[in-house]
Amino acid sequence: MLKRLFTVLLAVFLAVPAFAETWPEKPVQVVVPWNPGGSSDISARIVGDKIRKFLPKPFVISNITGALGLNGARQVLKARPDGYTLLWEHPGNLAVASMVTRANFSWRDFDALCTVVSSDMAMLVPKNSPFKDARAVFDYIKKNPGKLRWSLSLNGVSHFAYLAMCKSLGQLDAKLIPTSGDKDRVVSLLSGTSDVTCVSYAAARPYVESGDLRLLALVNSKRSDLAPDVPTLKEQGIDAAYDYRCSVFTGKNTPDNVKAILIDALKKTLEDPETIEALKAQMFHPDFQDTAATIRNWEQDEALYRTLATEYKLLK
Amino acid sequence: MFLDLTGSSFVFEPLTLVVMLAGVFGGLVIGAIPGLTSTMAVALLVPVTYGMEAHLGLALLVAVYMGSISGGLVAASLLNIPGTPSSVATTFDAYPMTKRGEGGKALAYGVIASFLGSMLGFVALLLLAPVLGKFALRFGPYEYFALVVFTLTCIVSISRKSLLKGAISALLGLFLAMVGLSEIDGIPRFVFGTDWLQSGFSVMPVLIGMFAVSQLLEDLSGLGKPLAVMKADFSLKEFWQVGLRFRYSLWNLLRSSLIGIGIGILPGTGSGLSNILAYAQAKNSAKNPDSFGTGNPDGIIASESSNNAATGGALIPLLTLGIPGDATTLMMIGAFMIHGVQPGPLLMRDHGDLVAVIIIAYLVSNFFMLFLQINFIKVMIKALKVPQSVLCPVIITLCVVGSYALNSSMTDVWVFFGMGIVGYGLVKTGFPLLPLVLGLILGRMAESQFRAAYSLGGDSLAGFLDRPIALFFFAVAALSLGLSLYSAAKRRA
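In order, the protein sequences belong to chains B and L.
If you're matching positions, the first sequence starts at 56 in this note's numbering and goes up one per residue.
If you're matching positions, the second sequence starts at -17 in this note's numbering and goes up one per residue.
These are computed hints drawn from the structure, not numbers from a lab.
All figures in this text were calculated on a predicted structure; none of them were measured in a lab.
The beta-carbon is built from N, C-alpha and C at its ideal position, and this holds for glycine as well.
Any given hint might turn out to be false.
[To be verified] Straight-line C-alpha distance at most 25 angstroms; calculated SDA-like pairs for lysine to any residue:
# : chain 1 : residue 1 : chain 2 : residue 2
1 : B       : Lys368    : L       : Val382
2 : B       : Lys105    : L       : Met34
3 : B       : Lys238    : L       : Phe172
4 : B       : Lys182    : L       : Arg331
5 : B       : Lys133    : L       : Val382
6 : B       : Lys230    : L       : Ser(-9)
[Stated by the list, open to error] Some chain L residues flagged as far from chain B (calculated, every beta-carbon gap over 12 angstroms):
#  : residue
7  : Phe7
8  : Val28
9  : Glu35
10 : Ser184
11 : Met313
12 : Lys364
13 : Ala459
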C-alpha cells in the first residue's frame, strides 16, 4: 500500500517538471474576436508568426467574431484553462461591456498574461474645417452647445475617450453621431456627415497624408515616435488621454509554469528586432508589460470608465 | 484612363495565371455550395496571403471573389437554393426553367449575364473609378435610409400572390434583425438573458435554412427518384444560341449592370441588395411582368448581371478611397494591410502597380470564369440525375458545414435547422420567404442609418427634407408602392 502511494507520488513529482518542460505539446489557439485584417488581427498575426523562434509549437490565430467581441472572449472563458486557448484583446472593450449590461463577465475573469502592443489614437477634422488645433474644437463646442457633430460608437471605447475629454473640460455638449468602426468614422468625416472624430492613427494616416483629413492631436498620454511632430491633447491643455493597448489573456487558474512559458516567449518575441520592424511597419508599438503592470493599467482604466459611466449615467 | 497599366504584366506570368485559375475554380465551387459565400472564401484566404507576395495574394483574392459570386448561380438555378444572398433573385426564374427541363439553358443565361455584367463593371472600374468613387461620399445616413426603404418596397412588387402575407413576412424579418446587441449602441435586445442570442441572427444560416431546408423537405415527396425527369445534356451550340438571344435584352442588361455598379460603389451595400433591386426594376418595366417568376430569361439576366457588376463597383471605392464597397472588399482591406499597404486616397499614387494588378486580374478572372463555367455546365446538370436520396443528405451536410464555418459557432447550426422548420411552415401557409430574409438583411442597416440621421437632425426628422437624393428615393418608393397596389387592385377586380 505504502509502496503504491510512493510510486504514485514519485510519478507526480516526475510529471510536474516533465510537464513544464514539454509544454506546449500542441499548437496554441489565439482567439482574436475581430475580423481578419483588423488591427487586433494584424498584431496577433505578426507576433504569432515571429513567436515560432521562441516557442516549440506555433500560434494558430482564429477569428471568432460577433457580439462586439464577446463571442470570442466567451470561447476563451469556457475553454479549459491550460494555456492552449488565449484571448488577444483590447481589454477596455471587456471592461466597458460589463458596465453597460452587455456581458456578465469582464477582463478580471481571465488570467492576464501581459501587454503586447499599443497604438496611437488621433483626433481628426476634414481638410476644410476651420479648426487648427484641439483647443479650438473644444472652445467652439463650449460657445455653441449641441452644434458640433462628433462621430463615435455609442457605449464603445471611443465614447469613453470622448467622455474623458468632457470631464477634463467641464460639461461639453457636442452632437454625437453614432458610427461604429475606424473606417466608418473616416468616411463620416470625408462625406461631411460629421465634424470631428477620433480613430486609430494607423487607419487615418493615408487620409492625413493625402490632405483629406487634418490631424489635430494625438489622444495618447505620450507623443508617438511614429508621429513625433504631433502634440498630444495633454500638451494642448486638455487633461485627457486614451491609450490603446492589446493584452493577452488565458483562462482563470491556468498553471503558473504554463503562464511563465507563454510570457517568456512573448517577451522574447517582442524584443526581437524582426518583430519590432514588422510591428512598426504596421504602426504598432511593441509594448511588452508584465502581468502586474498589465493588471495595474486595466484597473486604472476601468476605474476611469466606471467614474465616467456613473457621471454620465451610462451605468446599467 | 487614370492609371498606368504597365505594372499589370505581373498578372500574365505563368504562376499568377495558374494561381488565379485555381482561385476562380475554388471560388466557383465555394459559391455553388449553399451557405459558403464570397465573404467567407475571402476571409479564409486573407491569412493565407500573409505568406505570399502582395501582388500574387491580391490577384488570388480577386479571382476567388469573382468565382464565388458567379458560382452562386448553380445551386440557385438547379436546386432552388440560393447559395449566397447575391443569387436570391436568380432562383425566381432559373428554377422554373430547370423544372421545365431547361436547366442547361438557365445556367447559360446566368453565365453569360455574369460575364457581361462583370465586363461592364470592369469598364466602370477602368475608366471612371476616380469619378465614381466620389459618388460614394455623396451618401450619408439620410440617403442610405431612403435607399433601404426603397429596396423594401421592391419586395412588394416581387411578392405577387398576397401583398399582406409579403408584408407580414418582411415585418418578421425586421423583427429578427432587432434581436441581439444593437449595432448602434451595443445594448442587448430580445436576448432573454441568454448568451447565444447576443450575436443576433446571422443572415447566412437564416437564408440557407429558410431556402434549403424548406426546399429539401418539399423534395422529400420525390424521394428515390431523380430530381426531375429531363434531359440532362447540354451542347456548346445551345450555349451560343442563348448568347445570341441577349440582343433582345440589351437594355435590361445595361440597366441591371448599372444598378449593380451603383449599389456596389456604396459602402456597406453589395450584390445581396443589387440583385433584388435589378430584378424588381426588370419586372416592373417589362411588357409582360406576369411572365416573371415562371422562367423568364430576363429575370436571370437582371439578377446575375447586377450581382457581378456589383463586384466591379465594390472595388471602386476600395481602390480610390480605401473604403470597402461590400463585406468581401472589407476583408480584402485586411489583405492589403497584412502586406503593410494601408488602402487610402494615395493608393493609386504610391502603389499604382498593385491597383493595376487588381484591375487586370479582375478582367482575366472574368474570362477564366466564363471558360470554367462553360465546361462546368455539362457536369453540373448531371447532378440533376442524382437521386434525391443521395443529393439531400449531401446538401444538408454542406449547409451545416457552411453555417458552422461562418463563425465557428454551433448556435448558427441550430439557427439553420430552426429557421428551416419555420421556413417550411411559412411556405406551406403561403407566406413568401424572400421578404423575411430581405427584412433581416436590411433591418440592421435601416436602424443604424435612421438613428444616425435622427441624431444629425438634432433629434428630429427635419433633416430629411433638405436631402434631394433621399427625397428622390422616398418618392420612387412611394410611386412603386402605389403602382403595385393599384395593379393588384385591378387584378382582383
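Do the hints match the structure? See the list:
Under the criterion of a C-alpha separation no larger than 25 angstroms, the hint pairing Lys368 of chain B with Val382 of chain L is inconsistent with the structure, at around 43 angstroms. At roughly 16 angstroms between alpha-carbon atoms, Lys105 of chain B and Met34 of chain L fall within 25 angstroms of each other, so this suggested pair holds. Restraint check: the Cα-Cα separation between Lys238 of chain B and Phe172 of chain L comes to about 29 angstroms, which exceeds 25 angstroms; the hinted pair is violated. A C-alpha spacing of about 19 angstroms is found between Lys182 of chain B and Arg331 of chain L, which places the hinted pair at or below 25 angstroms, so the restraint holds.
Simply put, Lys133 of chain B and Val382 of chain L have alpha-carbon atoms about 23 angstroms apart, close enough for the 25 angstroms limit, and the pair holds. Taking the CA atoms of Lys230 of chain B and Ser(-9) of chain L, the gap is about 50 angstroms. The hint is violated against a cut of 25 angstroms. Under the 12 angstroms C-beta cut-off, the non-interface status given to Phe7 of chain L relative to chain B holds; the minimum distance is some 22 angstroms. Not every C-beta of chain B lies more than 12 angstroms from that of Val28 of chain L, the closest at about 5 angstroms, which undercuts listing it as non-interface.
With a least beta-carbon separation of about 16 angstroms from chain B, Glu35 of chain L lies farther than 12 angstroms from that chain, consistent with its non-interface assignment. Remark: the non-interface label on Ser184 of chain L conflicts with the geometry, its nearest Cβ contact in chain B lying 8 angstroms away (cut-off 12 angstroms). The non-interface label for Met313 of chain L is inconsistent with chain B: the shortest C-beta to C-beta separation is roughly 6 angstroms, within 12 angstroms. The non-interface label for Lys364 of chain L is consistent with chain B: the shortest C-beta to C-beta separation is roughly 36 angstroms, beyond 12 angstroms.
Every Cβ of chain B is farther than 12 angstroms from the Cβ of Ala459 of chain L; the closest lies at roughly 22 angstroms, confirming the non-interface assignment.
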